[in-house]
Each structure stands twice: as structure tokens, then as C-alpha cells.
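Novice: Positions 1 to 433 (this note's numbering) are the ones given, in order, by the sequence shown.
Hints listed in this document are in silico derivations from the structure and should not be mistaken for laboratory results. Note that the structure is predicted; figures quoted are calculated from it, not measured. Where hints are given, some of them may not hold.
Said to hold, decoys possible - Straight-line alpha carbon distances no greater than 27 Å define the calculated DSS-like cross-link-like pairs of lysine-lysine that follow:
id	residue 1	residue 2
1	LYS232	LYS148
2	LYS146	LYS214
3	LYS354	LYS264
4	LYS348	LYS221
5	LYS25	LYS148
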Amino acid sequence: MIYTLTSDIFDIFTMNIFFNTIFQKRNKNIPYPIFISFFVLYEFIGFITNSYFNLSGSKHLYIVSLVSILTIFLLTFLYNANLKLRLLSAISYHVLGGLSEVVIYIIISYFPKEDRAKILSQNGICLAISQILFFVFIMFAVLFVKRKKSELLTLQYSILILFTPVLTNILILSISNAPKNNIFHKTMNTLAIIGLLAANIVNYFLLDSLLKVKELEITKKQLNDKLEYQTKKYLLLSTTYKNSRKIIHDVKKHYFFIRECLHKQHYSEIDDYINTSIGDMEQTFNRINTGNLVIDSFVSNYMMLAEHNNIVFKTNIKVDLDNIQISDYDFSIILGNLLDNCYNACEKIMPPRKREIDVDIFTTERELVIHLYNTFLPDTIKYDDDELVHGYGTANVFNITHTNRGNYNNFIKENFYHAVVTIPCNIDKYKKI
Numbered sequence: 001m002i003y004t005l006t007s008d009i010f011d012i013f014t015m016n017i018f019f020n021t022i023f024q025k026r027n028k029n030i031p032y033p034i035f036i037s038f039f040v041l042y043e044f045i046g047f048i049t050n051s052y053f054n055l056s057g058s059k060h061l062y063i064v065s066l067v068s069i070l071t072i073f074l075l076t077f078l079y080n081a082n083l084k085l086r087l088l089s090a091i092s093y094h095v096l097g098g099l100s101e102v103v104i105y106i107i108i109s110y111f112p113k114e115d116r117a118k119i120l121s122q123n124g125i126c127l128a129i130s131q132i133l134f135f136v137f138i139m140f141a142v143l144f145v146k147r148k149k150s151e152l153l154t155l156q157y158s159i160l161i162l163f164t165p166v167l168t169n170i171l172i173l174s175i176s177n178a179p180k181n182n183i184f185h186k187t188m189n190t191l192a193i194i195g196l197l198a199a200n201i202v203n204y205f206l207l208d209s210l211l212k213v214k215e216l217e218i219t220k221k222q223l224n225d226k227l228e229y230q231t232k233k234y235l236l237l238s239t240t241y242k243n244s245r246k247i248i249h250d251v252k253k254h255y256f257f258i259r260e261c262l263h264k265q266h267y268s269e270i271d272d273y274i275n276t277s278i279g280d281m282e283q284t285f286n287r288i289n290t291g292n293l294v295i296d297s298f299v300s301n302y303m304m305l306a307e308h309n310n311i312v313f314k315t316n317i318k319v320d321l322d323n324i325q326i327s328d329y330d331f332s333i334i335l336g337n338l339l340d341n342c343y344n345a346c347e348k349i350m351p352p353r354k355r356e357i358d359v360d361i362f363t364t365e366r367e368l369v370i371h372l373y374n375t376f377l378p379d380t381i382k383y384d385d386d387e388l389v390h391g392y393g394t395a396n397v398f399n400i401t402h403t404n405r406g407n408y409n410n411f412i413k414e415n416f417y418h419a420v421v422t423i424p425c426n427i428d429k430y431k432k433i
């Protein structure tokens, strides 16, 4: 009785691991006790089906398989997913279960006749081996799905996940040859099998928790890097604004000095002073003046950086400020990252190869369009998609753009890497049309 209960609990855990990996999100509207009770009901239906449908041959197999697939499919409605994924998951789970039973009997068939007969005569041993082998197949499926979603899934992690169930099957096979002369031996064998089943579940959740901790550490680092990057960009905005105010504040002093020079007829000093003042203004005042602080400060700053490093920097900016409806915070992340990536890509190019950045920003009645393109080293195209010419900030641009219901696209054309962001505007106005 205890072993049967443990076996059912192991099945429930195995199914939960499979579904949680495939679907990721369960239906939060269903209370957890009711959620678990559906899995208990599944085990009960399976027990009833196997016990009371005493049909011979293929009829029994068809009915049991049909009931199993149907109940598994119904359990998928405890999770948020589309119909196609529900059907695929239900069929896959049932097929893996059937495959584990076939494989275990194939393996046992290679055993010596006496050992084979001894193992097959012990239903508990056969069931435990079948469950563990099924667990191995489920782990393969889980690792396959997780590998596509997480770069942290290393070979070491995969080996550790699979090592315990493989070792468990070896130990259970050795238990099948252990003496069972009295109740004590039988009880100890049963407890050993129960312990091995529990160890597999505990091992999985421990390793899974370690993987999640590692993912959280990386996420934390990315957030800190993002915060540091955004802080730098806001400091740039602040510095640009302060410099602009400083120039305006200094104009009065310039007028006083020029007036004094005129009164004293020191005309040569005026000429030198004006040249110096113009130089200071070019270093501190925005080259671009659209009236939008984000555009003016970022584009002006990178224009000066490009000039100092002999990078051709071209602009074509025509904006209606009323149609820039994205927050300055989000706008600075998008434009700052794109300009930073353009500059970094060009900086890697050694003269006399062409180094050029083009910035096109314009608005329509429906959207703000940010189109940046730059030359790049062909070798950088070998990097991963997220690092293709434009590195770390690309993910931030994508996320912020989609948060603002916009689109982000990148492509290569005529030896230029293009990044295009569109942010909708006047949404409520055009919804009514």
C-alpha cells in the first residue's frame, strides 16, 4: 500500500515537472489544492482503468491508451497554452510512458533466463524500473526544452540530472536479487525503492533551484549594468542641459566685456575673445537643436565624438515635437543604445576603411521613426544574433520598443548595418477613424 502510494506520488511529480517545463505558467485562477487534486484524480482513473477493463489483447491496450491520452489532455487545461501545444504535450507524454515500458522489457530480455524470470515475477521491481526509465525520458525532454530557453544549461548540469535516475535503476536491479526470506527483508527492499524514487525528485528540484539561482544572479547583473548605463545617459542629458544654461548665463558677461573693449577701442581683443567664445560654444552647446532634449543632447554628443575620431557623421532629422509621445526616459534608452552601438562598431574599423554613421529621425502623424545605419567590420557578423554588430544594448532597445507598442528591426544592406525603431503616436486619434 505504501509503495503504491509512493509510486503514484512519483508519477504526479514527474507529470508536474514535464508540464511546468512545457507550459511554464499554470492557470492561477485554480486554487493550488484543487490543482493537485486533478492529478490525484488522474492517478485514480488510471488505477480504475487498469483494474476493471479486463479485456484481452489489443482491445485493452486501445482503451487504456485512449483514456490515458484523454485524461492527460484534460490536465493540460490547468495551464495556459494553445490547443496545438496541449495535444502535442498529451500525446508526447503518453508515448514516452509507453516507450519506457517497451525499452525496459527489451533490456530485461538480455538478462540470463533465471534473473529475467526473477525480475519479471516481481511486479514492484518492474514498475519501479519502468517509472525511473520513464523519468529519464522525461528528463531528456525537459533538457531539450530548457536548452532552447536557457544558455546556462551546461553539459555538467545535464549529466547531474541524468546520473541519479540511471544509478537508481542499477540499484533497483541489484535489489531484485536481494534475499526476501522474511518480512524484514521485504520491508527494507520496499523502503529502499521508495527512498530511491524520492531521491530522484529531490535531486531534480535541488539542481533546478541552483539553475534558477544562477539565472537570478545573471539577471541581477544585467539590471545593474542597465541601471549604470542609463545613469550615464541621464548624466549626459543633465550635463548638456547645464552647459546650455551656463552659456546663456555667460552671454551677459560677454556683452559687458565687448562693450568695455569698444569704449577703450581694443578691437583686436574683441576678435580674439569672440574666437575663443565660439570655440567654447562649439564644445558645450548642442549642434542639433530640434527642441527635444533627448535628440539634441545625444546626437550632438555623438557627433562630436565621431568628429574627434574621424568618423563621418551624417544627420537627417525632421520632427514634430507633438508626435514624439514616448517618455524621455525610454527615448534616451533607445536612442542612446543605438548611437552607442553605431559608434562602437565604427570605432573597431581601422582607417583607411570607411567609417560612417547616419542618423535619420523623423515623425509622421502616426509614428516616430528612428533609423540609424553604420559601416561595420564583416567579421563581427559571426557573433550571436543578440551581439550582431550591435551588442549589449540591443535587448534593451527591443524590450523598451515593445513596451511602447512599437517595432524594432535590423538588417544589413550595401555594407551598412541598419537599425530601425518605430514608435506609434496619436493612437487614440486614429483608433476612432
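Novice: Now tell me, hint by hint, if it's right for this structure.
Specialist: A quick look at each hint next to the structure:
The straight-line distance between the Cα atoms of LYS232 and LYS148 is roughly 34 Å, outside the 27 Å bound, and the hint therefore fails. Proposed proximity of LYS146 and LYS214 is supported: the alpha carbons are some 14 Å apart, at most 27 Å. Pair hint LYS354 plus LYS264 does not hold up; C-alpha atoms about 52 Å apart against a cutoff of 27 Å. For a cut-off of 27 Å, the pair hint linking LYS348 to LYS221 stands: about 26 Å separates their Cα positions.
Between LYS25 and LYS148 the alpha-carbon distance is near 17 Å, which keeps this suggested pair within the 27 Å criterion.
Against the hints set out earlier in the document, violations occur for numbers 1, 3.
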